[in-house]
Each structure stands twice: as C-alpha cells, then as structure tokens.
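S.K.: With the hints as constraints, model all of the structure from the sequences given.
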Amino acid sequence: MWQLFHKLGSPKWFFGMANRLMPWLLLGGVALLFAGLIWGLAFAPQDYLQGNSYRIIFIHVPSAFLAQSVYIMMAVAAAVTLVWRMKLADVFVKSVAPVGAVLTFLALFTGAVWGKPTWGTWWIWDARLTSMLILLFLYFGVIALGAAISDEKSSARAVAVLVLVGVVNIPIIKYSVEWWNTLHQPATFKLTEKPSMPAEMWVPLLLSVLGLYLIFGWFACLRMQTEILIRERRTRWVKELVLAGRS
Amino acid sequence: MTSDTRAGWRPVTESVGSVRAMKALFLRDLKAAFRQRQDLLNPLLFFIMVVTLFPLGVSPEVSFLQQAGSGILWVAALLSVLLSLDHLFRHDYDDGTLEQLVLQPQPLFLLVLAKVAAHWVLTGLPLVLLAPILGIMVHLDGNSIGVLCLTLLIGTPVLSLIGAIGAALTLGLRSAGVLLSLLIIPLYIPVLIFGTGTVAAAGEGAPVSGYVALMSAFLVLAVTLAPFASAAALRISLSNA
Amino acid sequence: MSTTPVYPPRCSRSGALMSEPLLQAVNLQCERDDRMLFRDLSFSILPGTLTRVEGPNGSGKTTLLRILAGLNDAWSGDLLWLGESRSYQRDEFVRNMLYIGHRPGIKPLLTPMENLRALMAGRKAVSDDLLRQALTGTGLAGFEDVPCRRLSAGQQRRVALARLLIADEPLWILDEVFTAIDIDGVAALETLLVQRARDGGAIVVTTHHDLQLPSMQRITLGAGDDF
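Quick note, the sequences are listed as chains A, B and C, same order.
Going by this note's numbering, the letters in the first sequence line up with residues 1 to 247, in that order.
Going by this note's numbering, the letters in the second sequence line up with residues 1 to 241, in that order.
Going by this note's numbering, the letters in the third sequence line up with residues 1 to 227, in that order.
You can take every hint at face value.
Pairs of lysine-lysine, DSSO-like flavour, derived with a Cα cap of 27 Å: (1) K87(A) - K153(A); (2) K124(C) - K23(B); (3) K87(A) - K239(A); (4) K12(A) - K87(A); (5) K124(C) - K31(B); (6) K239(A) - K12(A).
Take a look, some chain B residues computed to stay more than 10 Å from chain C by CB distance: (7) F46; (8) L56; (9) P60.
Calculated from the structure, these hints are not laboratory results.
Quantities reported herein were computed from a predicted structural model and do not represent experimental measurements.
Note that the Cβ used here is the ideal one computed from N, Cα and C, for glycine as well.
M.R.: Written as structure tokens, this is what we have:
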C-alpha cells in the first residue's frame, strides 16, 4: 500500500502509467458519451412538459456533476499536498483547475440555453445556477492564486490551503444560496433516491455522466503529463524521453 | 533558577502564556493603529461614500431605499472590510515583526486570532456603530436598524476572520489587493445572504432568532477554523519570502 | 553600544557536555526557482561557538539562516535540535532560538521601549527597568520614547539588537547583523558576541563585514549552480 503511494508520488512512474491508461480512458469515455448522447438526443422520449428542449440535460447535468466533483477531487489532492507534500498532487490540482472552470462554465452556459425556452429568459438568479456561478468564482480564485506565486512549492501549498478553505465553504454556500432562492426544479439526479425520470431518460444520462468522467480522466492525464514535462525538464529521464521522441 | 542541565548554557523551558501573549499583541496592534488615526477613518469614509452612491446612482425614492437599504449597507460594509484587509498583515510583513510572531513559542493560530480581533475592533466595530445613522438615511425603520446592527455585529467578525486567510495567502505578492478580493468575495456570500436575509425577515415582522442563531453558528465556525488556515497560510507566505 | 551585557553570566564552559551540538544540519539541500542553492550541506552548531555563513550575493546565506531559524521550510535533509529531529520539537526549539533578520522587526509607529516590550512579550516577562537598561546598553538612552520612524536606520537596528542584551536563548541566528551600525557599535557588538560565545551561547551570523573573531566556524556557500 505504502509502496504504491510512494510510486504514485514519482512523476516519472505516473508518466509511464498514464501513457498506458490514457487510450482506454479515451476509448471508453468516447464510446459511453456517444452512446449516452445519441440515445438521449435521438431516441429518449420527449418530456411531457418541456418537449425536446429538456434534452440539453444530457450535456448540462454531466458537466454540472463533473464540475462539482472536480473541486472535491482537487480538495483531496490539496490535503495530500499539505500532509505528504506529494508533488504529483499539486500537479493534479494545477492541471485540472482550468478544466473544472471550463466545465462549470459549460454547465452555466447550457443552463442559460435551457432557461430560454423553459423560463423565457437567458438568466434567472435561481439557486443552482447561482451556486454554479460562485463555484466558477472559486475556480478562478484557485487559478489566479496559483499563477500569482512563482515559487513552485509555496504556490502548491498556498493553493492547497485555498482549495481546502473553499471546499469547507461549498456546502455552506450551497445551503445559503438555496435558502436565498428556491426556484429551480428539484435536483435532476440523486444517487440515493430512485430517479423520478423514466429509465429511457436516466440511463442515457448515466451513460453520458460516466463517459464524461472517463474523458475527464484522459484529459487530466494529458494535462498532468504536460505539466510534469515542464516541471521536470531538467531531469535526465525527461531529456532522454524528448531525445527518444525526436529520433 | 533551575539547575544547569548542561554545562555552559541553560535551556529556556518556560515562556509567556498564550493568553498574555495574545493580549500583548492585541494591545500593540491597537496602539500602533492609534498612532496613525487617519488610517482608521478611511474604511469608515469609504463605507459612507459607497452607501451614498446608491440613492444618487439608482433612486432616492423612499420605497426603493427601504427595500434595498439593508443590502446596500451590508455590501458597503463588506467592501469596506475587504479594503482594510490588505493592512492586516502587510505592515508586520514589511517591518519584520511577522517573522518574530511566527517564531514566538505560542501557537500561531492564537496569535492570528489576537491580530484579527484587533483588526475587527478597528474596522468592523466602527462600521457597526456607524450603521444606525446610515440606516436612518436609507429610511429603514427602527426595528430593522436594530436587527441590521445585530447582524453586522455578528457578521463583521466573520468577514475579518475569513478575510485573514486571503490576506495571509496573498502576502508579499504583487497586486495582492485585487487578488485578495477575488479569493475572498465568494467566501463572503453566505454571510451576506444571511445578513441581509435576516433584516428582510425582520422588515416583514417575522421572527429572526433562528437566523441570528445561524449567523452565530457561522461565527463559531469561523473562529474555530479560520485561524488555523490563516496560520498555515502565513507560514507558507513567509517561507516564500 | 556599551560593552557590559546585562544578561546574567553563564557558568563557565567545561569539558565534554559542551561538545553536544545544539543544532545539527545533515545533508541539507535547498533549491529555489530552479537553482540549487546548496546540497549535501552538513554542519553542527556547538554551544560556545560562533559560526559565520559566507558566500557571494545570491548564494543563499539568508535562505540558509531562515531555514535554520525555521522560517523557510522549502528544504530537504535533516535538522536536529539536541540530537533529535527538530520538526517534532518546534516549541522547544523556538523557545531557545533568537532570530534577527534583514527586517529587524521594529514597528516605525512605536517607540523603542514599546517595540522592545512587544518583542519580549511572547518570550518572558521583563521589567521596564531592564528594558530601559538594554536600550541604554545599545546607545539609545534618551530615545526610549521617540517613535522609531524618527530614528535613523542604524538606531532602529540597535533597538532590535537591544534584545541581545536581555536574551536567554542559547542559540542566536543573526542575519546581516552589522548593517547600518557605526564603527563603535560594530566593535561593541563584536565584543558582545565573543562574550556570549564564551558564556556558552551559540551564534550563527552572516555579514559582509570583515569579522575577526577567535574560534570561528565558517560555512562557505558557493554561487549556487544550475543543474
């Protein structure tokens, strides 16, 4: 167990491991996402109230879902950074923060597009859209702080503190925003409850959520590899790797 | 005097207790601040001016101000605290007293708590005391003004405590001011929501004790957690210096 | 600066126990902004000795001192306090170490008296008389109640140095301690450091000043190498 942990800390080991893992992640992710989207967009039944416009949930829900769990993942990595000073954990945080921000933006954007036919306006200050907006601010803060501190180790730890402070606040923010305004329909998809949608709707939704997770995994690996190459550019193994790639 | 355990030098085994050290630090900060009184006025003037902008910029109508007044005052207070945060550790960082603080034998989070307490007494508390006058100017009724002051009294220490984390994280960075706001404003949102929400409830004649209890819970949470985060952030920022 | 230290004289040094190091660095390594400042740096700080950290600008003298003081933790290797890892006995270490850095820790708005009192506040209870005596000892008699911003840079540093006259801590870490101090002050400070070492204290200094002190350990840092 500890050996695995130490191995995980080694950027070189991770780089090789990611190389082997990435094709599967991409393949599985694309397959699931396509299956989910095609099923959801073309074959799932219409919603009796919203007609076809509800179909945007097959993009909206997965991105909103992932946008939130990426922050949680970052928080776990941040704790690892602070406790074990593992370099790779910080590489993860720095690599996925922009991805999380983009996913949050995507969730907001699709939410707005969905809002137009549903509420007749692009933007409504409803609880869930507003919390997503605040989540976007939190992502921006993490990215900005990381960019502002030039020293790698200090930057890693400062960002880790900020991410952890943010994650403590997320439930408080969510709760207070919900209290402030409950206008949106209840959460589409809960893990603990039986979904209120028919299976033809939620199965493709589940597929696209899983697919997006896998694609995120692939993309995170890719970005982490890039970050590792930049950080470890002076080490022998990176030089050898680059030379081998050139010949 | 204890007997020598080692020839030639004697280890120091005792130091001043935490409470005494906190008190000394608190008083030192107050004393230094009162030597530069003008600086204390600035956040207050800012607070008043921001509130003035709303009748001028939006509408001076009594009905609008009555409805938006508590929100305006809360946002202005929040911004005013935000602006003053940059000073919280900056002077100590520049003159080197922060290094000495970190090297004191007492737990750093307690010393941070003492500094934040001084900061609140110098910025948050005057805002609370000034709020009734501004409340009258935005036509809030007496009951609402009372509740507003109560929420500010509970809420502004939370703002100072959370803000200290941001101030510690951005210490020594270029353009720290804007970055600090960027990091901290999202974290202020719950306090703002409940602060204004409580006043709104009071305006409708609803009981507010539940909200006040909830805000007090925020305060307890912030007092117990935020100093640890600030202390960790201070060590990180100093390590980078 | 007067040459009579106010702190109570230590017992004379004697034999074997003196040789147990207060602070020990084992394979210390630090890199900063992609530059290796030093690596495989090992040394011991013994009681009763004076250690001077030398090297050109940018060689990491200040960084090393901040690492030793526990302010900078971007290093690897081992630091032992009295033979055991320092990270597990932070409280003991901090209690027994006095650090004066580039920025001396003097608030310009406060007077020398208030500053000194604030600096001692976390360490030990000191009577105002003793504080006044220490300030007199560093040549600040008559300036005790003038805000420090009206004092010269050298005088402000002397306020910080007044701590040395009432300090109990066996380990002193002093960064660029002679900066802005005039000739008389430097001579007095040298005497104080020698006296302190003779009484069993351990002192680590960096200085561009040409120090000529007996039994001085030197730690020389290179210009740092890119790797």
